[in-house]
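A.B. asks: Residue-level listing of the chains:
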Amino acid sequence: KAGVTQTPRYLIKTRGQQVTLSCSPISGHRSVSWYQQTPGQGLQFLFEYFSETQRNKGNFPGRFSGRQFSNSRSEMNVSTLELGDSALYLCASSGGQGARAFFGQGTRLTVV
Amino acid sequence: ILNVEQSPQSLHVQEGDSTNFTCSFPSSNFYALHWYRWETAKSPEALFVMTLNGDEKKKGRISATLNTKEGYSYLYIKGSQPEDSATYLCAFEEGDSWGKLQFGAGTQVVVTP
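As given, the protein sequences belong to chains B and D, one line each in that order.
Using the working numbering, you'd call the opening residue of the first sequence number 19 and step up by one each time.
Using the working numbering, you'd call the opening residue of the second sequence number 3 and step up by one each time.
FYI, nobody ran anything at the bench for these hints, they're computed from the structure.
Each hint should be verified, as a subset may be incorrect.
Partial selection, computed: residues in chain D whose CB lies under 7 angstroms from chain B [as the list claims (entries may be wrong)]:
| # | residue |
| --- | --- |
| 1 | Ala48 |
| 2 | Asn55 |
| 3 | Gly56 |
| 4 | Trp100 |
Even glycine gets a Cβ: it sits at the ideal position worked out from N, Cα and C.
Construct the complete structure from the given sequences, taking the supplied hints into account.
C.D. replies: The structure is reproduced here in structure tokens:
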């Protein structure tokens, strides 16, 4: 069974640009969540999608958005990048509430 | 603000020694408590998901206990091995949280031969 796949693995962008990250969940999982990790911070929840609907959102500005497709693949977009957006972005898929989450290897975003 | 707290922040353990560390979380609206192991350059990997007060889980030399009434969980590593070196994360899942896990900052464990 293929794991969670995130692309790209590494990305360097300039302030003001926008970026799109992709996540393909484990087959059969309809829930996809996104997390941000910055130095000194734990994993911070961005949002969760289930069957193409955003069900939950963390405390991030509106520059952070996402979507989910009918095949459960998800994308997150960050517009007008700031230096502070430099982070590791992880996505996770799960089979539902109380189920273990399966994480991708992450996308390391560097904003210069 | 992290409602989920882990201590200690880091641990250095001699190979063969046993160790344990703590995760504290809100005691209200509890649904589940997750433990993950995160090795360098890898993805976080689930160890346990616990939902019942008093629950105990075991996987090889690693075990965990859960007290939902007082809001804490312990993770134990028996006879630590160098391959146990990793950051151990706990995550609190509220009822109706829809995919949101609230993570602690982690306990970094270094096992030296």
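A.B. asks: Enumerate the violated hints, using their earlier numbering and listing them in ascending order.
C.D. replies: Of the numbered hints, 2, 3 do not hold.
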